[in-house]
Amino acid sequence: MTDYESAIQLSELEKAAVQCSKGLTYKSSVSGYLIDSLCKNNRLRNEILHGTYKISKYMHFVITEPKRREICATRMRDRVWQKSMCNNGVREQLLGSLIYDNGACQKNKGVDFAVDRTICFLQRYYRRHKSNEGRYDHLDIKGYFPNTPHSKTKRTVDEYVKDARLRAHIYNIIDSFKDTREPDEISADPFGERGTALGSEISQLLQLAMPNHIDHAIKEKFKIEYYIRFNDDMILISDDPDRLREVREFIIAEYKKYGLEITRKQQNTKLSQGIKFLKRRIILTDSGKVIVKASPEKFRKERRTLRKMKKKLDNNEISMDDISRHYQSVRAGLARCDEKIRVKSLDRFYEGLFGIAPPQSKRRKKNAYCKSKRANRAARGRNRKDEKRKSEIKGNR
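Throughout, the numbering used here is defined as the position within the sequence shown, counted from one, plus 14.
Bear in mind the hints are in silico, worked out from the structure with no lab data behind them.
Even for Gly, the Cβ is constructed at its ideal location relative to N, Cα and C.
Be aware that a few hints might be false.
[Claimed, not checked] Cβ-Cβ distance ranges computed for the label pairs, FRET-style: (1) Lys271 to Asn330: 55 to 61 Å; (2) Arg141 to Lys68: 31 to 37 Å; (3) Ser301 to Ala267: 35 to 41 Å.
[Unchecked claim] Subject to a maximum C-alpha distance of 20 Å in a straight line, what follows is the list of computed SDA-like cross-link-like pairs (lysine to any residue): (4) Lys303 to Glu365; (5) Lys315 to Phe368; (6) Lys192 to Arg83; (7) Lys54 to Leu38; (8) Lys192 to His152; (9) Lys315 to Leu38; (10) Lys290 to His152; (11) Lys123 to Ala349.
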């Protein structure tokens, strides 16, 4: 059975519908789809088989946190079909050859993974060089999703997705993201139509896979061990400024072939000044300790949020349990940072606002290196036991 034949199975569509509805059953569109999912999925399957399936109109809205972005939300029936395609080959084929240090939109990866991996790189750098005088570059792709050409995205599909029928459906998804520029401007662009919208699982996987060969070249050709990419953000660490400049020029030239521009957020900066990455500042000290600081805006925003919650509490719109759960989740996130003084100040603000002691988070800060160190020690112990067992077997013979 091919990937396409597996993806259109009714059982796979039902499975995808359940996955797409997790945490969203409070929405009427999702709960309404689930009530009659068997009939709706069967209708969706027949449309796909007879070639009458068309992508529904997107729901457009704007988010402002952490920065202003336009989202094209996919309708439930389209999300089900995309999820089924991803479950049956597309995700595995697009992500199968990514480097380990590509940290976005993947299972067991995310912001925490990227931050922990950066901490691990700094610890390794200090153990190797015994100093914090290394350099790093922080590069960013300007308007990655809205500026990506359709032609380059389709080329990625041709390279990775094996089934021709699935490729045709993915082409339709790419074409459904309309370029908002004027027709004259589009026709004058050598890359043609641009734009991959946020809000589709397929589009996010494509954006991860498209620059995969650039990531491999950085790791394998230029031998930059300390390199991590989180979607459109890239961090490169090295003790050689000339090497960083060479790799930086290579990255700029390669992304230019895709019609994309690189923004240099931090260039040839000392590690001792701290790496500003994913709303955190990660500092390698003279003693080799790595300190993680949260963005000051995080605390200002939380104080504003708590004030708004106090007004809602006074109007009986929310309960104290809702506020407690919210604050506990915030404390759990801050527990991964070295912000003891600021967190205590935020606790006092909470207590003064609501008149009760704040809930305490049980989550402890994770040490990325110590975890790998324990794993390596356990592996060495298992290897010694295996060698001892083999020698005993040879002696008995």
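Against the structure, the hints:
no.: 1; hint: Lys271 to Asn330: 55 to 61 Å; verdict: holds (58 Å)
no.: 2; hint: Arg141 to Lys68: 31 to 37 Å; verdict: violated (57 Å)
no.: 3; hint: Ser301 to Ala267: 35 to 41 Å; verdict: holds (39 Å)
no.: 4; hint: Lys303 to Glu365; verdict: violated (33 Å)
no.: 5; hint: Lys315 to Phe368; verdict: holds (17 Å)
no.: 6; hint: Lys192 to Arg83; verdict: holds (16 Å)
no.: 7; hint: Lys54 to Leu38; verdict: holds (18 Å)
no.: 8; hint: Lys192 to His152; verdict: violated (31 Å)
no.: 9; hint: Lys315 to Leu38; verdict: violated (26 Å)
no.: 10; hint: Lys290 to His152; verdict: holds (8 Å)
no.: 11; hint: Lys123 to Ala349; verdict: holds (19 Å)
Going down the numbered hints, you'll see the structure goes against 2, 4, 8 and 9, while the others check out.
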